[in-house]
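Enquirer: Here is how the chains run, residue by residue.
4 protein chains.
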Amino acid sequence: MFVSKKTILVEWGHCDPAGIVFYPQYLMWFDACTTALFTNAGMPIRELFSSHGIVGVPLVDVRARFISSSTFGDELTVESDVQEFKRSSFVIRHQFFKSGKLAVEGFETRVWAGRNPDDPQRLKGLPLPPDVMARLSGNKTE
Amino acid sequence: MFVSKKTILVEWGHCDPAGIVFYPQYLMWFDACTTALFTNAGMPIRELFSSHGIVGVPLVDVRARFISSSTFGDELTVESDVQEFKRSSFVIRHQFFKSGKLAVEGFETRVWAGRNPDDPQRLKGLPLPPDVMARLSGNKTE
Amino acid sequence: MFVSKKTILVEWGHCDPAGIVFYPQYLMWFDACTTALFTNAGMPIRELFSSHGIVGVPLVDVRARFISSSTFGDELTVESDVQEFKRSSFVIRHQFFKSGKLAVEGFETRVWAGRNPDDPQRLKGLPLPPDVMARLSGNKTE
Amino acid sequence: MFVSKKTILVEWGHCDPAGIVFYPQYLMWFDACTTALFTNAGMPIRELFSSHGIVGVPLVDVRARFISSSTFGDELTVESDVQEFKRSSFVIRHQFFKSGKLAVEGFETRVWAGRNPDDPQRLKGLPLPPDVMARLSGNKTE
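Protein chains in written order, with this note's numbering: chain A, 148 to 289; chain B, 148 to 289; chain C, 148 to 289; chain D, 148 to 289.
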């Protein structure tokens with residue numbers, strides 16, 4: 148699998164009164180790391196969504212384990228990869244490391260989603276394009 | 148002027164390591180209070196934007212004074228009104244009170260914005276509709 | 148079990164370019180609903196944390212399923228209750244309903260945490276006080 | 148004056164249903180850029196606050212002008228410097244550039260704040276230490 152890496156600096160505003168990262172912030176980073184995964188695999192999402200006529204890759208399920216806390220000034224490194232491909236969805240794993248030790252682990256299940264032709268207000272899962280799967284798998288197709 | 152009121156409960160996640168509200172949070176509340184101002188004046192923004200064919204009321208200028216801090220568990224009351232109408236923009240004032248004393252005061256200058264016909268990627272200020280101004284002024288038109 | 152209810156108004160700023168709630172926002176609401184659960188059970192967290200000498204109730208695990216999306220202007224009702232008590236942790240379920248239908252379901256595993264006496268920079272799980280468990284179970288102790 | 152630079156990648160989650168950065172997000176970046184200003188001037192805030200016995204540098208006034216919008220995938224460069232020193236406060240300017248053109252400009256007035264000795268729940272402005280002013284002015288004191 149293709150592994151995407153991203154570095155994150157924990158800011159004052161990411162932390163709560165206990166002085167540690169407020170946990171929904173990690174899920175914002177999951178989202179940014181998913182964007183980075185696509186970008187690093189050669190598919191910037193703005194172009195990707197528009198060229199494939201999809202609205203986005205909305206989440207249907209997320210899970211996270213918080214192993215150790217971090218505070219402002221800490222630098223985290225994140226490794227993201229796809230763990231599983233289904234017909235119109237896929238599972239991305241994000242591993243956050245602090246000083247080389249796993250601090251947070253998350254799993255996002257996302258759908259490749261376009262407008263529902265029967266009701267444009269609703270989204271509809273579409274089959275994952277083979278070229279997208281290939282790039283996320285680390286197999287360059289070009 | 149029509150004055151809109153809103154009550155806000157400060158949550159743990161709104162606060163920073165100093166134990167007080169992280170200041171950009173107040174600007175999120177300014178935005179929500181502007182939405183409430185329109186709703187309370189009889190114009191829910193989702194219907195308003197779609198019926199008037201605009202994209203939204205983006206901000207061009209904001210100013211805020213932070214007089215005293217608040218922490219989680221505090222209840223704030225906000226009073227919002229329009230201080231000034233210009234051709235395609237207007238100035239909203241938000242006053243946050245804690246136990247009856249002014250804690251934060253903000254001023255947002257917003258534009259009544261549609262898609263630019265020459266470039267749909269860009270926004271363009273449009274004249275404020277008289278019925279919208281009348282309602283924000285507290286003069287029911289219906 | 149004691150069931151806590153909370154009403155949420157989806158704001159413009161909670162939504163992303165797809166026009167739906169940006170998913171980490173739900174986890175901010177999980178946190179606020181957990182606070183409401185304690186408050187509604189008679190234990191406002193600010194007093195609770197300080198009277199029991201704990202730092203907070205940090206999360207160690209979270210899971211969420213996103214069944215249907217919501218947009219700005221929608222009103223959601225949330226029901227929160229404790230699904231399980233362990234020695235120093237507990238599992239809270241949050242169910243978000245939109246027009247009576249389940250839209251999002253989440254599970255938070257939280258720890259009753261104080262400062263580690265051996266290293267005040269670190270947190271340490273402590274046994275859940277019986278009176279706290281009783282109140283969260285819906286058994287008033289007073 | 149010492150000028151601190153920071154690069155920001157606009158993420159999907161920073162944007163609202165109009166597809167542009169939700170404006171309070173810029174103020175989160177102001178805060179992060181102020182942190183970077185201290186770090187780049189040789190004073191990481193975690194150490195700085197603790198070594199000088201202050202709680203932080205809370206904001207008393209903020210102003211921002213939004214000249215042109217940005218969307219996800221855009222890269223912004225920010226230049227931050229101190230525009231004015233007062234007794235216990237200082238004014239920081241942040242200029243956001245997109246493709247070399249000024250897109251957002253902000254001014255933060257912050258206080259050098261410790262615990263009020265008469266009431267530890269409250270903060271109190273303290274005189275700015277000369278070495279801190281010197282470093283922010285670009286005059287290395289070491």
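Bear in mind the hints are in silico, worked out from the structure with no lab data behind them.
Do not take every clue at face value.
One copy or two, either will do: identical chains are not told apart, so a pair holds if it fits within one copy or between any two.
As the list claims (entries may be wrong) - Once the Cα atoms are required to be at most 30 angstroms apart in a straight line, the calculated DSBU-like pairs of lysine-lysine come out as:
1. Lys152 with Lys233
2. Lys153 with Lys233
3. Lys245 with Lys271
4. Lys153 with Lys245
Enquirer: The structure should be examined with respect to each hint, and the outcome stated for every one.
Expert: Now for the hints, and whether the structure bears them out:
no., hint, verdict
1, Lys152 with Lys233, "within (23 angstroms within a copy, 36 angstroms between copies)"
2, Lys153 with Lys233, "within (25 angstroms within a copy, 36 angstroms between copies)"
3, Lys245 with Lys271, "between (38 angstroms within a copy, 19 angstroms between copies)"
4, Lys153 with Lys245, "both (12 angstroms within a copy, 22 angstroms between copies)"
Checked against the numbered hints above, the structure breaks none of them.
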